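**Q** Residue numbers (the numbering used here), protein chains in the order written: chain A, 102 to 526; chain B, -6 to 395; chain C, 1494 to 1883; chain D, 11 to 441.
Misleading hints may appear alongside valid ones.
To be verified - Lysine to aspartate or glutamate pairs mimicking EDC-like chemistry, simulated, CA-CA at most 20 Å apart:
1) B:K143 / A:E399
2) D:K61 / D:D357
3) D:K348 / D:D286
4) C:K1778 / D:D286
Since the hints were derived computationally from the structure, they do not count as laboratory data. A quick note: this is a predicted structure, and the numbers were derived from the prediction, not measured.
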Amino acid sequence: MKSRSHITFVSILLIVFIASSIGYAAPVRKKLAVQASRIITIAGKDIKNGVILIEDGTIKAVGADVEIPWDAFVIEAKNQVVMPGFVMAHTSSGLDRENENMPEVPFISTFDSIDPISTFFEDSLRDGIVAMLVLPGNNTLLGGTGTIVKPYGRTVEAMLIKRYTGLKISLRPSGNTSRMGHMQRFRRYMTELKDYLEDYQQRKTDAEEEKKPFDEEIDVTKQSMVDLLNKKLTAFIYCDRAADVPKAIEIQKTHGLNTVLVLSPDCYKAVGLIAKSKLPVVLDSQLIIWETNEQTNEEEMKVIPMIFHRAGVKFAFQTDASQYGRRYLWYQAATAVKYGMKRNEALKSITLYPAQFIGVDNRLGSIETGKEATMLFLTGDPLDAQSWVDRVMIAGEIVYERAKDERLKKLLEPPLEIQQPEDTD
Amino acid sequence: MRIYVILLTFLMLVSAFVAPGRAEITAIKAGKILTISGEPITDGVILIEDGKITEIGTGIDIPEGAAVVDADKKVVMPGIVDASAPAPVRGDLNEQSNEITPTLRISDALDPQSKALKRIVQTGVTTLFVSPGRQNIIGGLGVVVKPTGKVPQHMVIKDEAALTIVMDMDPTQGNRIPRGQPPVNFYFRRPGTRMAIIWMLRKSFFDAQQQTDSEQIEDPNLAILSSVLKDEIPIHVNARRAIAIRATLKVADEYGLKLIFQECTEGYKVAEQLAERKIPVVLGPFYYYPGSMGQYREGRKVNWNNAGILAEAGVKVALSSGGQPGAIDILTAATFAVRHGMDSDEALKAITIIPAEILGVADRVGSLEKGKDADIVILSGDPLNVTTRVEKVILNGKTVYQ
Amino acid sequence: MKKRRFLSFLVILSISFCLTSFGNEPQVIAIRAGKIWTVTNGVITDGIILVKDGKIQSVGENVDVSEGAKVLDMSGKNVMPGMIDAHCHIGLSLDIFSEMNETVAAVAAEMLILDAFNPYSDDVNKALRCGVTTIMLAPGNRNPVGGLPAILKLDINKANDWVLVRAAGVEFSVMNEALMFDREPTSRAGLMELIREELDKAKEDKDDGFNPTRDILKRVVVANKTAYIWARNVDEIASAMAIVDEYELKAVLVAAEQGDEIADMIAERNLPVIYPPLLLSSRDKDLKRAGRIAGNGVKLAFSSLAPKTDLCDLRTSAVLAAKYGLDKETALKCLTINAAEILGVADRLGSISEGKDADLVILNGEPLQLTSGIEMVMINGNIVYQRQEE
Amino acid sequence: MKDLKRFVVLAFLFLPFLSAGAQEIAIKAGTVLPISDAPIENGTILIKDGKIAALGQNIAVDADVRIIDANGKFVMPGMIDAQSRLFVIDREFNERRSIAAELNILDGLDPYIKEAPEVAAQGVTAVYVAPGTRSLIGGRGAVLKLNGSKDVGKMLLKSDIAVKAAIGVSFNNESSSLGRLANYSSIREALLETKIYMHNKEKHEREQAEYDKKKSEYDKKKKARTTEKADKPKRPARFRLNPTREALARVLRKEIPLQIEAHRVTDILNALRLADEFDFTLILDKCTEGYLVAEEIAGSKATVILGPVTTSFADMPRLEYRNHDIRNAAILSEKGVKLALGVSGRDGASSKFVALAASMAEANGMDRDLALRAVTLTSAEILGVADRIGSLEVGKDADIVMLSGHPLDSLSQVEMVLIEGKTVFERKDQQ
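Extracted from the complex, chain A is given alone in its bound form (with noise of 0.2 Å):
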């Protein structure tokens, strides 16, 4: 009888272990108030020494002078900055591939292969993004449909903020293809769409003339591009010369889609379109290029963001992990803001905007009043190189904390003392 209870003892406490050991964050609490020494609201202005009460996971109140209720658990953030958390408009990491090699394969989704483990994610929790739209690569015509997730998370249901969003399609030509073949290849498909629902509207009023019953559902692999038809899905179309952008307008004007166009930096030479066309930007990682002014044959440095900002067209920054500066959203900004763009512009470029875009600006992307309580807890300003992302909350749950950042220690960290002469690894 003894040894009974003294197994189920030591279970108990096995499964106490387990729960604790994971590192699952404290359980989420319902009544929060977050002090900090500075609050960036994105929405307003900055608020000295505010307070922001959090109730299940959304944002009652931000203030200066807002009082905390009794039973609020309280987060010390003194010296500390707050903001809301930087979110990815485009991004194609966390893929194990890019895109398919067939041209027009719109039915695919980078749900199914968003890879929860993949360094990318974690990185970019550490980095302080917190909202991230996956979407297929540039190297097909109409790449596929894309996911917003949010870099937390053990299986990609629990990354997910929303699921169907966004259809890439790119200008580029792939393969030995030329501008000419390639989108001679998006007006046929059109065309064959358009003749396919001629077809099925066709059939339709055929069923309903004959009251018989009409159960047909549209093609699968034809769904996505009948909701980017309606309006349901927005068209992410990548232009990869400034060529390509009159005929991204043109495309968004014959069928009518709601279009955030993604540029490459050659696509400045186009700023007056866009400008006029008032479509939502997401700028290419490589904020700064060179060219050769044929006169005087010097090399004259041309800055995206500034050229853009001035032509009064919103954007958002892409981030690319394999160049030094270039793979932090604050890096990008403080590259705008180094060549004259007005820093809360700048700021509003990682976190409001992009928010916007992809359609999530109703609960991330400032800290006001009814939005998700999602922020970053930084050591200084933002735009500070110096400055550390110490903790992100996200939905009021507190799911990173640099002290128990056990990569960037050994990262940052000098090797043990301990050194074998003979190292041989």
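Using the hints provided, position chains B, C and D relative to the given structure of chain A.
**A** Just chains B, C and D, lined up with the frame of chain A:
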């Protein structure tokens, strides 16, 4: 015909001596001057005449008629020295017909029109070291240049500045049949493994030693190697992994060589040995993870705070853009080094005076002192801040970018 | 009786003698032309050129024409000296670029390009139709030390002395085209080192047995023969100048297109430049370079680098250069006297003046007008091309 | 050192696009070369709303008209390069599908390139660009105006000028006679299939018309309930439009010409044979060895766009130019062939050498007026845009070039270029 040539050279010499008119003085009034060699000066003045700094300090009266550069809300620092910059050379950097090419002088191949030069000036770099490629075991003689001048001769400050030796696996690639010859067992290039590399290095130094002892040297290659043995020319060793660094140290101890390590990605593992031997290190760009599959397969273990650890251990550390064109500008490299743990003063020294000392041109560049070249960078704020912009670059007294 | 027969025999002999001599001794030709472009002393309107034994005897307004002379009436036409293509590779082989470069060995100093020349190829007739009378046949730019060029006159099937100079100096190349990934110099630094090595060996003059390369390079280093150096960009021209200064060579820059960036330094060393054909470039910036180089006092000559561009476009280069900034007189000089001086044959060619070879081109318009067609071409007094009215 | 008397700087005046009401302009010129008829000494041209309003010796010009003084100068219509690569991105030339008539060069254009102003500065106001020769039938070309706008729509004068095909063109200098024959037969096959396609299409339209008639009767009866379900007319299957066949059908219906690039004599004769068999309007492109078969070409109704007048314009000397003769233009034009001259240079910027090509043709025997016409009016007629450009006639676009000397005089400089009345280039002369 011969008289005509002599007359011509005489004419040219005369025209060089006549000073081009009275050299007008430029004065820079700056909010903050980071002299690097001394304490930073607030609200100081720098006087420049004939390409050199004549006066620096506070309370210096500006002679009338001097062109005044107003930088009072700005920060002024000496021109940046990049100890391994993207080479302004067209075509291949390596003489691949042979693995040991000490006599190769990269200064013959400098391209004054190269776009990389015009761009690197705009990031604040005013002196750079150009080394031969990384495909040969002994690559050849590098050169210290300034990114100005119409013809390579005008660019060169110090020729034959250092001998480049590569201790990583790069020399084992590129083996192929020479043109027009039947395939023989030894192709164009012999080393297939690290052992072969070290053997060939030892053999060349051994031959050089024999030659120096026997006093008569015909082979020009061995002549260079013997002057290296006599420490007249420093050696730049490109080594990334700890195993390569240790192998080089062994060879260096055998022949008493004066070394400087380039790139040194895993330098943090051997920080003590480097500090003991007082070997300076030029760090290339740091990697987040092994950047490419090649680096991953090579088993390279990366530490972001490489610069900080080496500096703490007392090694003379210089930061550089690492020879990849367009990868990173050097001020960003210094900013990230400080972010990952290096002390900010060390970082500023690591891009100015330390590389100048390593390259042996500290008498002319590297800090703002009297008598040094007037290479000055004017920035909109603290150099180690990403939102600071390079406003103006002055090279040899002339403004080259604003 | 016998005496009289003997006397008549003598008379017949002398008449036949003068007839034959008269026959083979080219009689005096007088060319009356509307405009004579003498290049060295201006334009003579309605002048006469007297040609005797293939040489120009006299040229001027009122030259007395001896009665026996054959008069060519070209009154409405223009006459200019025969054009000289300072650098081309015609008549080598139909597989256009194979013959020009010895690609296996980097140093091919003893390659005589004349051996590869096919005098009966139709390139030669095409050249005559375009008014080009003399060419410098040269190897290509794929070898650091390329070989020995030759200066030829194109009246091949008539005269026997059509080879003016069998080996006119040595051809070097410091261009990137001379680098190959599987041959000795694979980098620019290696290329310069190789050239210096070869020139040092030639200078040392250690006669260790038969070494043709050293003997040929000795001509350039010691005997001051011309070194033709291919160099296109600024860094290549700078390397070429470095070698010229170091070994005090008498050098000519070949295809120095970007020479205008450092034209003052080229002028300082008074290096002449053989300019590449202007039709190879199409941007305004590049078309103005020839004008700037010549404007800085550098002696310029045009080349067609045929068959890269058509031989008839030697004149087009001059016209284009004149259109984009080169003054007309210098443009005409670049086609004639400048090229002759650079190639060292100015004593015989390059202008219409007494004593020079009678290489003349008769056009139905001004030389620097592309619309003027070529009526007749004469070399050493013989008409080698005449335009039939088809 | 002879200093340069006049250092000519080509300062490019890029006037903003005058969208305001185009104000009237009058040009008083030394000699006007209208190309369509005899030159007019000190004539005046009146321009209104971008069109030529009046042209002649003494035109009344009222006060508020902007006068451009061009006396002592020549005024002529803008030149046209009928074989240009301007604006075309290089990739567009390696589309390798064999029959791709539905492709349109407009998709492959990059209006942001920097060479266009330099070409306009030499008096070339319009260029014809067409797909490359890697595919047998490459697609449709278009004529663009160099009015400096960055929008392809505004630059486009007329699209679908011709369907571009190529017979026997070697690819990097290798070509076999069998290969050339295969080209000819596959183009012929494509045209035959197009005929069948047109036939099927007409059949389908007839059936559709019948069905519609029957359907409307059936509906009327259905409303009057005098019929039952059985005899409901059956709808014909949907006819799938094939864009390639559609484009070739327009050729067979003679709406647009077929432009065949042929260099060798056999290929030219094959092209002429195709034209006879299928009775389409043929434009012979390049036609390098045309002078050997000048009579046959003159006999047929084909027009010719002659290739590079000198081989120096093309990049590497090609197999096809082996028996290239510079007198080709002269011989063909003497035989009465309708001939346009194209530069077909190695890159976009070499379209500026159009005047050079014309003067070279004249040097080798072509009549001066015919040579000038070949780069203006004849070129426009062959490309089917003669109603808008090509000559100075009332009602045509005001694309006008003002030169210091006669256009074919090689040393004359272009002083000013107008496109539709707007100044695109004006030469700043620096004394």
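**Q** Does each hint hold? Answer for all of them.
**A** Structure-based check of each hint:
no., hint, result
1, B:K143 / A:E399, "13 Å, holds"
2, D:K61 / D:D357, "31 Å, violated"
3, D:K348 / D:D286, "18 Å, holds"
4, C:K1778 / D:D286, "48 Å, violated"
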